[in-house]
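Q: Let the hints inform the model, and build the full structure from the sequences given.
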Amino acid sequence: MSVLEPALYALGAVLYAAHFIRRQPALGRAATGALGAGVVVHTFLLGMATVRESALPLVGAGDALGGFVWLLAIVYLYVELTSGERAMGAFIAPFIAVLSVVAVASAEPGPRPAILDSPLFVFHVTFVLFAYASFAIAAVMGVTYVLLFRELKGRQPGVFYARLPSLAALDQMNGRAIVGGFACLTAGMLIGLVWLLQANRLVPIDPRVGAMSMTDPKILIAVGSWLLYAFQIVARTMLGWSGKRTAWLSAVGFVVILVNLLPVAYLVPTSHAFE
Amino acid sequence: MRLLVLGVSHHTAPIDLRERLAFATPDLAEAVSTLARDPALGEVVLLSTCNRTELYATCHSLEDGHEAMAGFLTSARAVPADDLRAHIYTRSEGDAARHLFRVAAGLDSLVVGEPQILGQVKQAYASAADQHATGALLNRLFHTAFTAGKRVRSETELAEGAVSVSYAALGLARKIVGDLRHASMLVVGAGEMAELTARHFAAQQPKRITVCSRTATHAEALAADVGGTVVPWGDLDAALAQADVVVTATGARTPILTRKRVQAALRHRRGRPLFIIDIALPRDVDPLVAGDDDVFLYNIDDLQSVINESLARRSSETTHAETIVNQEVERFMAWARSRTAMPTVVALRQRFEAIRRAELDRLQPKIAGLPPEARARVDEITRLIIEKLLITPTEQLKALPDEALQHSYADALSHLFALGDRNDDEDDDEPGPSPGGKGPREFVGS
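Sequences listed follow chains A and B, in order. Numbered according to this note's numbering, the first sequence terminates at residue 275, and the numbering increases by one at each position without gaps. Numbered according to this note's numbering, the second sequence terminates at residue 446, and the numbering increases by one at each position without gaps.
Here are the simulated BS3-like pairs of lysine-lysine, each with C-alpha atoms no more than 30 angstroms apart in a straight line:
#1 A:K244 x A:K153
#2 B:K388 x B:K398
#3 B:K207 x A:K153
#4 B:K150 x B:K398
#5 A:K244 x A:K218
#6 B:K122 x B:K150
#7 A:K244 x B:K207
#8 B:K388 x B:K366
#9 B:K207 x B:K260
#10 B:K260 x A:K244
#11 B:K260 x A:K153
Treat the hints as calculated values from the structure; they're not laboratory data.
A: As structure tokens, then:
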């Protein structure tokens with residue numbers, strides 16, 4: 001268990017918040033530096049664990065959450081560096097910091113079941129976590145869109161007006177994150193299905209493999225979120241939805257995903273519990 | 001040498017006097033050269049904008065400097081001395097530095113926080129430096145002013161927000177539709193206000209500007225002016241459906257853009273937001289239009305309240321900005337004070353070095369037999385000892401808080417170490433624009 005990467009993520013969160021309030025470029029650079037340092041340490045620890053176990057550490061709920069945090073930090077840094085916008089860090093970095101603490105405090109998983117040795121499993125988890133990270137970014141874009149929208153609509157430009165990018169830019173970034181996340185989620189679910197067929201042949205007696213169906217809460221919620229994001233893409237491209245409605249949808253979609261990542265993963269016995 | 005500023009600004013002089021005293025950019029060089037030739041003045045910088053004309057100079061006597069600078073303005077601009085005397089202000093030493101730093105930071109501007117003034121101060125300095133009219137003191141003063149201006153810009157919100165209707169509208173448009181180069185603009189009406197706002201938007205090179213007015217000739221004139229196209233009044237609905245930003249400024253007595261009309265346009269927009277700026281009185285847009293989700297409607301009062309908020313925010317930031325200015329004044333004055341101590345420091349170093357050389361010469365017979373590396377080592381060690389002995393008293397002397405105390409210490413050191421005639425050479429490590437600039441001069445801080 002390492003406290004270094006949560007500490008660096010927390011430092012990044014504090015610095016992003018300070019930068020949001022004070023808007024001093026030096027604070028912004030320090031915030032990016034702290035988050036980047038957190039990612040470097042996290043990457044090193046994941047690499048060490050992979051070498052130790054001869055496989056990516058993706059078995060337990062804590063592993064999945066840790067992987068999600070790592071990917072979210074990387075995706076966010078990519079968005080920040082390509083767009084030049086740091087204001088969203090004040091919303092994402094605290095989230096990353098809190099989830100990294102939960103991930104670090106999670107119970108260590110037990111021995112790795114043999115059925116997880118397939119590369120399909122690694123691709124399945126990686127794609128799904130990458131999708132979740134994209135949806136988290138989309139949700140933050142959505143929430144900030146709504147905050148700025150309210151200020152502009154109320155004809156009282158203030159805190160968010162002075163700090164956030166334009167509504168058009170937030171809407172565009174939201175749309176891109178949703179499309180990217182949806183593609184990854186689709187790929188991850190299809191790969192999971194192929195892996196399930198393979199696992200059924202190899203270990204048909206494993207009760208967890210047998211329980212992998214639409215009645216399983218984790219799978220049910222994942223499919224539900226897939227449908228929700230599919231609707232959002234259809235609504236945006238075919239029904240002409242954009243702006244506030246899609247912003248809300250992406251926020252709701254991510255709440256559904258969080259339910260899957262936290263209470264369902266930690267509290268509800270599911271077919272995906274390999275600890 | 002003393003530091004002096006003399007000038008007029010919008011605070012002290014009416015516009016007709018400011019106009020007469022203004023110097024066009026091409027005339028600055030000659031004016032600075034003339035001033036620099038005056039024996040009463042040392043280094044010189046002339047700052048001239050539409051709101052101020054100020055002379056910054058070093059001089060041996062404040063009275064003589066004042067007379068030379070005022071005389072220059074009256075003769076160069078043919079302004080009666082009495083007129084000038086009634087409206088000029090002067091600041092000297094630390095107050096002069098504070099004045100320049102406040103000017104560079106936009107604290108002394110007509111619209112507090114306006115950013116253009118820093119560029120104008122830089123231009124004035126560059127113009128004087130090109131004429132070799134600046135030296136160590138004004139180089140340092142102006143570079144510190146640039147730092148103060150930049151710090152105020154980056155560390156405060158003094159320059160934030162729009163302070164005119166057109167800029168407020170432009171800022172809002174950018175926040176709603178993003179990059180205006182990809183946005184279409186519709187101007188409804190072709191009056192003066194519409195023209196002013198359209199020109200501001202045209203400068204952002206929007207994808208398309210469309211002008212729609214009941215009077216075709218007015219619309220054509222405005223469209224030609226802003227590089228737009230004209231649509232007939234009857235095609236207003238179609239133009240509305242295509243626009244991202246709409247400016248309405250007609251003289252109509254009843255609303256032109258009713259809610260029904262705008263809703264019909266929204267149906268073709270597939271959720272794209274529409275920003276409507278209604279600067280007409282009576283209003284051109286039905287206020288109920290604001291109830292539609294994808295419409296952002298701002299009338300002239302809304303824009304004014306945005307401006308008021310910007311002004312209030314700027315006002316609340318002035319304390320923070322003044323603190324930064326004070327810090328930079330303190331930094332500059334500390335440097336200026338340290339210059340007073342320089343002759344004593346130089347003399348002290350020369351005295352110590354002379355003692356070191358004399359001792360090495362005296363010991364020459366004993367160290368002559370040493371290998372060359374060992375002799376070089378002895379030389380280096382003795383030099384380092386002197387450096388270390390002098391570093392603390394040098395720093396302490398430079399850091400003394402006032403001129404009188406510095407002179408007392410200097411006298412004491414002269415007496416204790418028999419410094420005799422002080423060396424008048426000074427270090428010249430200040431930022432400088434050119435080797436031909438005026439040399440460093442003693443500055444007596446206040």
